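Participant: Just so you know, the sequences run in chain order A and B. The numbering used here applies: residue 1 is where the first sequence begins, and numbers increase by one. The numbering used here applies: residue 1 is where the second sequence begins, and numbers increase by one.
As the list makes no split between identical chains, a pair holds if one copy fits it or if it spans any two.
Lysine to aspartate or glutamate pairs mimicking EDC-like chemistry, simulated, CA-CA at most 16 Å apart:
| id | residue 1 | residue 2 |
| --- | --- | --- |
| 1 | K258 | D123 |
| 2 | K259 | D123 |
| 3 | K259 | E276 |
| 4 | K145 | E156 |
Don't read these hints as lab results, they were simulated from the structure. Keep in mind that this is a model prediction, so the values were computed, not measured.
Protein chains: 2
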Amino acid sequence: MSKAGRQPVIGVFDSGFGGLTVLRALIERLPQARYAFLGDTARLPYGSKSRRTIARYAAQSAQFLVREQGAEFMVIACNTASALALDAIQDAVPVPVLGVIEPGASAAQGASASGDVMVIATDATVHSHAYAAACQARGLRAIEKACPLLVPLVEEGWTTHPVTAEVIRIYLGELRAQAAAEGLKPDTLVLGCTHYPLLRRLIEQVLANNSASGVRVIDSAESTAETAVKLFNGRAAAQPGGALAQTEIRCFATDSVKKFERLGSRFLERPVGRVELIDLGG
Amino acid sequence: MSKAGRQPVIGVFDSGFGGLTVLRALIERLPQARYAFLGDTARLPYGSKSRRTIARYAAQSAQFLVREQGAEFMVIACNTASALALDAIQDAVPVPVLGVIEPGASAAQGASASGDVMVIATDATVHSHAYAAACQARGLRAIEKACPLLVPLVEEGWTTHPVTAEVIRIYLGELRAQAAAEGLKPDTLVLGCTHYPLLRRLIEQVLANNSASGVRVIDSAESTAETAVKLFNGRAAAQPGGALAQTEIRCFATDSVKKFERLGSRFLERPVGRVELIDLGG
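Just chain A, same shape as in the assembly (with noise of 0.2 Å):
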């Protein structure tokens, strides 16, 4: 697939920069591949968005991935483009496209002995009903739940600071109240948004404090990279060695550039270095 000796270009998009956290599990599993990361940042937040407008968004931004950067794979790391937007996306370009959503709904049922499991994600995603829906469609039952305070705690930085852990606590405590009121026993919860996964430890933590230390978290960024993985298996980007090579990230943004390169690194547990602007028109 990939162009003449050299490695292929994995494409990764989000509506903001959360989605660095998919690009960060990607990179640790596929150190060798050529990455094209683009945050649609002109245009977030898509969670208010029709899915009409969402998915044209989305096909924008896929197309220029794999038109203008060469992707032959694509990760949609963005949970709302995910639950709206994923056949247009597949439409909209002629390589292979993995959501976020599948892959996270996959790892539940993997980790779930209940087969109940509770899901925190941002208002947008719980409202599409997404992950319940993937969820069902494997048997399990979940109950969802909109975390709106997360997002800005993290980018404010306070990842470790007591007042989150006293939101995720009060959350995470209706969470539970509510699926002991409709009579599940959950024993996995999902970390539904790609913010989440820098507040994983702190949650955790949260869990254990409160009697809930046997929930076993999922990072759908984790199990999406995972996914990703073997899909790609048998490409040149999975060959033993490969990893010598160094990984190529370029980043892109269409509107913010300053906001995504100051707080991406947190998300991408390594410099993002320089952010192309670049203009998908209205």
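Could you slot chain B onto chain A? The hints should help.
Facilitator: Structure of chain B alone, referenced to chain A:
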């Protein structure tokens, strides 16, 4: 100015629905006017966009209120648009246009004895330094702080929550420490975001509990409404006895009508009723 026998229409514009706090303050003072409020919710947040884009969006919104709703007076109840696009809006419509920043700075000037003022606002407003400039023009020294968690806390409905009190305590503690380090003795705090009036009581409590009960809180929504009343002086809307007439309010939004309807009444302190969806284009 107003059409035969009818009260004049006051147009109020915001990128979202936070500006409803300005509308609430206007209604309190001019209950007999007719109001047309537009939240450009499809294109928020303005804060991450360029000045040119914000000017175009704000001008389109003002034109809708003036041309299609007959507004004879425009209040820009949006800090970002007031900071970056007031001139463009004034050029775009043939009616008087009032922003929120100048009235806030004038009220601070009236309230401050030391001449040193603190301003809390969103990231975008702080980065514009519009309040600092308006304060400086009045001989005040201003120190600004972005408080990005406060809008999501208000939208979560946690306006009296201990978590919110703690976040305010941290932000104000950092702001006062920064002021002290710069040799300022601030005696006035400007609420430079239309969401913050919902936190006014909590902010005053936190100040009182931290030996800062002498700090005067200036709500720029209130200051803007007071300035609007002065500018309206002599118009039909200010006629005594007019208060007997019922307030007429029409609310418009470019997207997310449900969130507007659900949260708007908290800001307006009365039901917002049905919000009409309009399309202003890309």
